[in-house]
Amino acid sequence: MQPLSPAEIEAVVLTFKVGGLALLVALPLAIFAAYALARWRFPGHAFFDAMIHMPLVLPPVVTGYVLLILFGRHGPIGGFLYDYLGITLAFRWTGAALAAGVMAFPLMVRPIRLAIEAVDPKLEQAAETLGAGRIVTFFIVTLPLALPGIIAAALMGFAKAMGEFGATITFVSNIPGETRTLSLALYTFTQSPDGDVAALRLAITAAIIAFGAVFASEFVSRRLARRLGGG
Amino acid sequence: MQPLSPAEIEAVVLTFKVGGLALLVALPLAIFAAYALARWRFPGHAFFDAMIHMPLVLPPVVTGYVLLILFGRHGPIGGFLYDYLGITLAFRWTGAALAAGVMAFPLMVRPIRLAIEAVDPKLEQAAETLGAGRIVTFFIVTLPLALPGIIAAALMGFAKAMGEFGATITFVSNIPGETRTLSLALYTFTQSPDGDVAALRLAITAAIIAFGAVFASEFVSRRLARRLGGG
Amino acid sequence: MLSVDIEAKLGTFHLSATFESSAGVTALFGRSGAGKTSVVHMIAGLSRPMRGRIAVDDMVLYDSDRKIDLSPRQRRIGHVFQEARLFPHLTVRRNLTFSHWAGGRTASMPFDEVVELLGIGKLLDRRPAKLSGGERQRVAIGRALLSGPRILLMDEPLASLDQARKSEILPYLDRLRREAAIPIVYVSHSLEEVARLAETLVIISDGKVEAVGPVGEVMTRLDLGPATGRQQAGAVLDGRISSYDEEWDLTHIDVEGQMIEVPAVRAEIGEEVRLHLRARDIALALEVPGGLSIRNALPVTVLEITHERGPYAEVVCALGAQRLRARITRASLVALGLKPGQPVFALVKSVAVDRPLASLDVERDNDGFMSR
Amino acid sequence: MLSVDIEAKLGTFHLSATFESSAGVTALFGRSGAGKTSVVHMIAGLSRPMRGRIAVDDMVLYDSDRKIDLSPRQRRIGHVFQEARLFPHLTVRRNLTFSHWAGGRTASMPFDEVVELLGIGKLLDRRPAKLSGGERQRVAIGRALLSGPRILLMDEPLASLDQARKSEILPYLDRLRREAAIPIVYVSHSLEEVARLAETLVIISDGKVEAVGPVGEVMTRLDLGPATGRQQAGAVLDGRISSYDEEWDLTHIDVEGQMIEVPAVRAEIGEEVRLHLRARDIALALEVPGGLSIRNALPVTVLEITHERGPYAEVVCALGAQRLRARITRASLVALGLKPGQPVFALVKSVAVDRPLASLDVERDNDGFMSR
Amino acid sequence: AEKLTVFAAASMKDALEAIGSAYTKDNGTEVVFSFASSSAIARQVEAGAPADVYISADVKWMDYLKKADAIDPATVRNVAANTLVVVAPKADAKLLNLTKTALLARIGEGRLAIGTPESVPAGRYGKASLTSLGLWDAVEGKLAPMENVRVTLAAVARGEAPLGIVYGSDAAIQPDVAVVATFPDDSHAPIVYPGAVTKVAKPGAVKFLDYLATPKAREIFAKVGFQPVD
Ligand SMILES: Nc1ncnc2c1ncn2[C@@H]1O[C@H](COP(=O)(O)OP(=O)(O)OP(=O)(O)O)[C@@H](O)[C@H]1O
Ligand SMILES: Nc1ncnc2c1ncn2[C@@H]1O[C@H](COP(=O)(O)OP(=O)(O)OP(=O)(O)O)[C@@H](O)[C@H]1O
Ligand code: MOO
Ligand SMILES: [Mg+2]
Ligand SMILES: [Mg+2]
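Residue numbers (the working numbering), protein chains in the order written: chain X, 4 to 234; chain V, 4 to 234; chain L, -19 to 352; chain E, -19 to 352; chain B, 5 to 234.
With the rest of the complex left out, here is chain X (with noise of 0.2 Å):
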C-alpha cells in the first residue's frame, strides 16, 4: 500500500484542526448544558434536553441544511456574523468545525451529564460550608470529579468530529483543503469504482488515529481512577 498522498495527510492535518477547534468551542458548552440540565430544574428542562438530541435525530443532511440555512451568508445567524463581525462560517473549515461540534454535542452532553449527577451534592455542600461560591466549587470539586465523564465526551466528541461527513459535506461542502476532512476524502474515493484501495488507506488511517485517541483518553482516565481510588 503506498503512503498518504499530500492531498489526503491535508486532509489528516484539516481533521486534526476540525475537530479541535469542535472540541475546543463544544466541551465547554456541553459542560454547562450538561450540568444546567444535571443540577439545575428550570422550565423547558425537558425541551432544552430534546433540542440537544435533535442533531442525533435528524439524519445528518438535514442538521447540515439547517446549519446552512441559518449560518449560510444570507442566513439570519451567517448574515449577523458576516456583517458585524466578519466571520464567515460557510465553506470554511470553521464551518466544518461548526457541523462537527454540532453533531457531536449531543454525544459530549450525556456522559458528563451522567458524571456531574454521579457527584454527590454533599461534597458541593461541604464544599459550600467551607466558604466556596458556588461558580468556585464547580471548578474545584464538580468539575475534577466529573473528569472521567468529560475525558469520555470529549473522545466520543473527537470521534464523531472524525467520522461527521452527512452534515459536513452539506453545510461546507467537499473542498480540498478547506473542508475535505478525512471522513469526505473517505466518502469521495468511495465514489468511483477504483477508489477502494485508497479508501480502505484512509479508513486504516482513521483507525490509527482513533486509536491513538482511545489509548490517550484510557491513559488519563486510568491514571485518574487511581488518584480517586487512593494511593
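All clues given are correct.
Straight-line distance between alpha carbons at most 25 Å, and here's what the computed BS3-like set of lysine-lysine pairs gives: (1) B:Lys206 - B:Lys17; (2) B:Lys146 - V:Lys20; (3) E:Lys110 - X:Lys125; (4) L:Lys110 - X:Lys125.
Keep in mind that the hints were calculated from the coordinates and are not lab data.
Given chain X's structure and the hints, the job is docking chains V, L, E and B with the ligands onto it.
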C-alpha cells in the same frame, strides 16, 4: 400542513420497529461490553475499546459498506446466517436494525460504562460477602445502580437509530415499507427541489417522537433518582 | 448565644426543636435517630426547616417570618459532618486547607498545631480513599477547625476514635472555645464527652427537646434516666482551683468550701473549673473511713432517693448549692439506712474525677459571641 | 479457633499480624490507623495479604504456600463494615434479607427478633439514603446477623450508637456467640465493650500485634498502658455464679472463693461468668471499712506497683490465681504505705462491676467451630 | 495564479478530475473540485458558496438554481451525456432481454438495484424507462433503491443484487460488473449533465466550461463512459 401520508406513517412505524429491535439486541451487548471495559482488565482491552468506536470514526457510508460486505448474502457472516439459519439481513428491516444498532453501539457503551464505573465496588464486595455470586451481584447490584446510565444509553441509542441514515441506506437500501425509515424518507425528500415541505413535515414528526423519548427517559430517571435519594 | 426554634418534617419524621444556649459548648444528646443531625444541618443551612428561627447572638441565620435564610457560605460555620465528606480528589493537605485556597478564609489556628493535635502529619500527601475510618474523621475535624469558623458544628466527631486520641482532642476543643470564643454545637452519644465539654445540654428525643439547661442541672435530673443512659448518668460540679500539690502532682479544687483532690490540671489558681462525677463512681459512707485509697470524702446531705426496679437506687445529694448523684445498690441503701435529710459522706476516688476542662468564666470572652 | 498469620503492604503501611484465638469473641483493639480494618478485610477475603495463612478451625480460608484463597462468598462471613455499605437502591427490608434472596442463604436468627433488637421496625420500607448514621449502622448489623454466617466480623459496629442501644445489642451478641457458637471478630475502640464481650484480646499497634491472649491477662499487663488507654485499663475476673438474692436483685459470684455481689444476672447457678473491673473503679483499703455503700471488699495481695509519671500509680494485686489492677494516686499509695506482698482489700463498688456476660464454658458448643 | 472551484455531482468525479489536471497543465490555472450530491451542491451554490462552476447530474437542480438566480443562465450548457444500462455481476454476464418475464426471471428472489427514484437522478431515469417499456408495475416491489449510483454498482458487483440500473459511465469503470442490457434512448428523457457559471464566479470560469467541450475533454469523458454532447 398536511397530515402524514400512509407511506409516511409506514415509515414512522418502521422507524419504531427498527429502533426497537436495534435497542433490544444492542443494549444487552452494550451493557456487556461496558461492564467488560469498566471492570475487567484483559489483553486487548484498549483495542476492543477502540474497535467499538469505529462506527463513530468512519463515515457512516463506509460502515454501511463494511456491513454490506460482511452481512450481505455472499459475505462471510451473511452467507453463514443465510446458509445455516436461513436469515437474510441485507435489504430487510432487520438489516436496518443491524445498521442502526451498530451505529448506536459506541454511543451506548460509554454512558453505561461511566455509570458502571460510578458504582462503588465496595457494594459489589458486600454483595459477594452476603453470598451473591458474580452474575447475581451484577444483576441485582451493579445493573440497578447503573440504571441512569442505561436509560441515557437507551435514549441515545434510540435517537441515533432514528437519525441513522448513511449506513442504513448503504447496507439495506431505501425500500419503502421495508427499510425506508423516517430518516431515509426525510433524506429522500431533501434530494428533490420540491420536497422541502414534506421534509419539514417529517422533521417535525421526528422531533415530536424524540421529545416523547426524552420525556419518557427523564421521567424514569427522576423516579430512580428520587428512590436513591431516599423517600 | 445560640437560639434555635425550628419545626420541620422529614418524610414521616417530625422535628420540633426549641432551645437556647447561653454560650460555649452546646451538646446535643439523644438516641440514634432522635433528630440530632437534622438539627445540625438546619443550623448549617444545609436543609431548611418548615418554619422557625435560628440565630447566633445578633446574627439571624434563618427566620421564616422575616424571610431570612443565609446561605451555608454566609453562615461561616465549621461543620464536622457525621460522615466525613472529604474531597476524594484532593490530598489530605488540600482538604485541610480547602477553606483557605477555595473559600478565601483565614484559619484562626496554626496549621501545624492542628495537624499535630490530630496526628495526621503522615497523611498529608495521601488522598482520602484509603484512609482508615478514624483517620478520615480526624482530617474532617482538622478541615473544620482550619476553616476560620464563627461557629463549630461537630456531629459525633470522636465516634470512631480511640480513647487516647479523644483525650487529646477534647482539651483542645475546650481551649478553642475559651480562647477563640467560638461557640460549639457538639453532637455526641457519650455523656462523658458531653460532661467534659458542654455548658448547655440539650437532650433530644424522637424529634423533640426533652430537656435543656446547664449540663450540671440536666444531668442530675432523675427523670431523664432512659435518655441519658443509666450507666453514664452523673453530675457536674463547678469549683475553683485552690492549690497545686507539686509533690504528688495533684490539684485541689474548692467546691462549695470542700476540697476535692484531682490529678494536676493545667489551670491557674483561682480559675473556675468543672468536674464530672458519674453516679456509679460515687460511694456513700456514714463516716469518713480511714486506711482507704479514696481520699475525697465530701460531707453532703441526702436530698432525694429513687427506688428503681432492679438492684439499684439513685441518691441525689446536696453539696452546698450543688448536686451530686450516687448510684448504689438497694441493698446498700437499706444497710446504711439512708433517708432524705441525712448527712453522709460522698466518696469520690480522686482518679475517678474527670479532668476538669471547661472554664466557666465566660465573661472574659467579650467579643460579642457570648453573653452570659 | 481462628488463626491468623499474615503479612501485607498497603502503600507505605506494613501490616504483619499473627495471632490465634481459641474460641468465642476475638477483640481487635488498637488506635486509629493501627491496621484493624485491614486485618478484618483480609479475613473476609476482600483484600489479599502478601503472604500468610488464615484459618478457622480446620477450614483454611487463605494459605499463600498452598495457594488457597477462598472467595469472600465461600468464606461465608457476616461482615459489619466500618462504613455500613448498605445497598442504596433497596429498601431496608431487602437489605436485611439480601443474603437470603440474593445469596440463597438461610438466616439462623429470626428476622423479627433481629429487627426488634435493633429497633429498626419502622425503617423497613425506607431506603438507606436518608437514614440517620446510627440507623444505617443498625441495619448493617442486622444484615450481617441475618446472613447465616459461619463467622461474624464486626468493625466498630457500635461506634455511632447510643449507650442504651449498645447495652441492648451487646448481650445479644454474647448470646449469639454462645447459642449459635459463631466465632466473632470484634473491632472496637472501647475497652468496656471488649471486656464485656471478648475471650481473646488482640492489641494491634502500628500494623503489629502488640499483645494477644485471654482478655483478663492482656488487660492487666502494665506495659500496655498507651495502647489500651489509661482511662479504660482494667482487669477481667472469671468466676462462677454462686447464688441469687431475690430480695435485692443481686447475684453473688464466686471468684477464687471470694463472693462478689453484682446486679442480677440472667445466668444459671454454677455457670461461669466474666467480670470486668476497670482499674480506676477499684479502691484499696488496709482493712474492711464499715458504714460504706461499697460492699465488695476482696482480700488481695499486692503484687506489683508501677510509679508512673504524674499523679498516678498502678497496683496489680493477686486474687488467688487471678489478677486485679487498681489505679490510685501516688499520694494514696504512700499514705497507705503499700508494698509488694502486702495483703490489702480491694474495694469494688458493686455497681461498678460490669454486668458479666461471657460464659466461658465453650465446651458444650460441640459443632466443630470451637475446640477449647 | 488564479484558482477555480468547481462544485460537481459526485458521479462525475473521475472524469472531471482527469480533465481538471489536463486543464491545469494547459492553462496553468489550478482547479479544485467539491464533489457531493447534486442537491447538496445546488443548495450550497444558492447559499453563496465560493463556487465558480456548477455541474449537476440533474437538470432539475440546474433549473432550481436558475430560478434562484444563483447562476448565469447564459452560460448553461450540457457538458456530457450518458446512457442508462442494466448491469449484472461479472459472473453472470448473459445478455438480458428487456421483457417482463426475462427481467423477473433474472431478478428471481433478489432485488433490482436502482438509485432511489424519488431522489437519485439515475433512479428517476430508470423508473421512466421501465415505465415506458411497461415493466415498472412488475418490478416496483422488487427494487432496492440506493442512495447513489456508486452504491447501486457496489451492490451488484458484490452479488447482493442480481441486476442493477446504472449509467453507462458507471458500468464502464467497474470491472466486476457486465452490461447486460441498454435502455433505448427514447425510453427516458435525455441524460445530460448541465453545467453553468455561478453568479460569484471569477472571470476564468467560462473558459473552463468551454474547455469541457474541447476534444481533449471529450476524449476523457468518452474514456470513462460518458457520451459526447453537441
Ligand atoms: N428526608 C427524610 N425522610 C424521612 N426520614 C428522615 C429524613 N431525614 C431524616 N429522617 C429520619 O429522621 C430521624 C432523625 O434523623 P437524624 O439523622 O437527625 O438522627 P440523629 O439523631 O442524627 O441519629 P444518629 O445518632 O443515628 O445519627 C431518623 O429516624 C431518620 O430516619
Ligand atoms: N491501600 C492503602 N495504601 C496506603 N495506606 C493504606 C492503605 N490501606 C490502609 N492504609 C493505611 O494503613 C493504616 C491502617 O488502616 P486500617 O483501616 O486498617 O486502620 P484501622 O485500625 O481500622 O483504623 P480506624 O480505627 O481509624 O478505622 C492506616 O494508616 C491507613 O491509612
Ligand atoms: O448518516 Mo450520514 O448522512 O452518511 O453522516
Ligand atoms: Mg446523626
Ligand atoms: Mg478501621
